[in-house]
Structures are given as C-alpha cells and as structure tokens.
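Heads up: the protein sequence lines correspond to chains S and U, in order.
Heads up, the first sequence is in this note's numbering, so the first residue is 4 and it goes up one at a time.
Heads up, the second sequence is in this note's numbering, so the first residue is 11 and it goes up one at a time.
Keep in mind that the hints were calculated from the coordinates and are not lab data.
Treat the hints with care, as some may be off.
[Stated by the list, open to error] Derived SDA-like pairs: lysine to any residue, alpha-carbon spacing no greater than 20 angstroms straight-line:
hint: 1; chain 1: S; residue 1: Lys45; chain 2: U; residue 2: Thr120
hint: 2; chain 1: U; residue 1: Lys80; chain 2: U; residue 2: Glu25
hint: 3; chain 1: S; residue 1: Lys105; chain 2: U; residue 2: Arg78
hint: 4; chain 1: S; residue 1: Lys45; chain 2: U; residue 2: Ile61
hint: 5; chain 1: S; residue 1: Lys8; chain 2: U; residue 2: Pro49
hint: 6; chain 1: S; residue 1: Lys45; chain 2: U; residue 2: Arg78
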Amino acid sequence: QQQVKQSPQSLIVQKGGISIINCAYENTAFDYFPWYQQFPGKGPALLIAIRPDVSEKKEGRFTISFNKSAKQFSLHIMDSQPGDSATYFCAAISGLASSGNKLTFGGGTRVLVKP
Amino acid sequence: DGGITQSPKYLFRKEGQNVTLSCEQNLNHDAMYWYRQDPGQGLRLIYYSQIVNDFQKGDIAEGYSVSREKKESFPLTVTSAQKNPTAFYLCASSIRGMGEAFFGQGTRLTVV
C-alpha cells in the first residue's frame, strides 16, 4: 500500500531545461510535504517543503506546486544543471499523533541532466 | 557540528550472524527513523521512534529490531531472520511530527 505515488521513475533533461516530478497522496491527514535530494552513496538532504495552505513555493531554481483538491504536488527544477543530477524523493507527514507521525516517501525519481 | 552519525559506513555480515548498525544524533530531536534502500529503489521504513523507550514497526520490520534507551541513540539490529539484508541503511531524525528529517550518510550492509 503506497500512500505517496511518485512519477516518473526517471527522466533525462538537457542543460537549461525544466525537470518536472509529480507526486500524489491518499491520506488527507498529511499536512507537510518535503522534497529530498539524494546523490549516489549519500543520505537524502531536504531540498524544499510546502504546507497545504500554500499553492506554490519557490526557492531559487526549485518550485513546489500544490493542488490540495487533487491531492497532488510537484517539483519543478528550472534551468536544470548537470549538478542537479540526483534522485529526488517526495514525502509526506501528518502532524497528528494518531497517524504515528511517520514520514512517508514516494518511490523516487532519478534525474539526469545532460550537458 | 550538529548532525546524525551512522557507523560503520560499510559492514559485512556472514550468514546467520546478527549485526548492529549505530545511529547517533546531537540535534536534540525526539523522532528517529530507520529506512532501507535497495539499488534504484525508494526508502522503505523499518522502525521509527517518537520518544525514548518507545518505537513502532514500519512497513518492513520483520527480521530487524531496535532500541531507544537514549534520546540521542537509535541502534538497528539486523538479525539472522532477515533473509535478504544486503542494502543501504539510512537513519534519520526530526522534531516530532515534522517532515524536516535529517539523514545520516548511511551504512552499506553486505552479506558474504
């Protein structure tokens, strides 16, 4: 039972292009949606996060778009650079103690930016 | 420097052995997590703990055990009951109920 579904599994983008990764969730108790970036052999690192009362959040070249009614959110990487080549994970968590407070991850998207 | 330290970085286990992976944090976080990552796969939750002396099973707890005797430490034991333990293990911590988890650098476990 996968509570957070992520797509695509992989994508290739040319330098300067836009990378788009989509996630969908089922649990309406989720109230915080972080994105993580992972380089090979390393632990994931928090990239950007959003709460459902905001429809969009931008930090540098990274933007999260959030659609609460559709229970979907996406990460856009603008002006993609070879250094952005990594695996990206969306995640979700509920602050409610009854939900167990556990961080649930999507399956990941491997992004390759070609020079 | 504050952070999460996992040790060892590489670990080799013989068939039938139990091994313990260490995870220590000095971020004063209440919540700690263990994830397993297989090549090209996502993160699967093994165990998590919200407070000292309490922990819950994640999605793939069979063959693993944990303890949380101190706030700073959340060791994971991979028992002989885990039939396919070769994987990359990641420990994380966060403020309880928050999604801003900080990860360690992982332990790569290989069965020889």
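Going through the hints against the structure:
1. In summary, the hint linking Lys45/S to Thr120/U is supported, as the alpha carbons are separated by about 17 angstroms, within the 20 angstroms threshold.
2. Between Lys80/U and Glu25/U the CA atoms are separated by roughly 30 angstroms; this puts the pair beyond 20 angstroms, and the hint is violated.
3. This hinted pair checks out: Lys105/S and Arg78/U have alpha carbons roughly 16 angstroms apart, not beyond 20 angstroms.
4. Pair hint Lys45/S plus Ile61/U does not hold up; C-alpha atoms about 26 angstroms apart against a cutoff of 20 angstroms.
5. Restraint check for Lys8/S and Pro49/U: the C-alpha separation of about 18 angstroms stays at or below 20 angstroms, so the hint holds.
6. Taken as a hint, the Lys45/S and Arg78/U pair is broken in the structure, with Cα atoms around 24 angstroms apart against an allowance of 20 angstroms.
Hints 2, 4 and 6, counting from the list given before, are not met by this structure.
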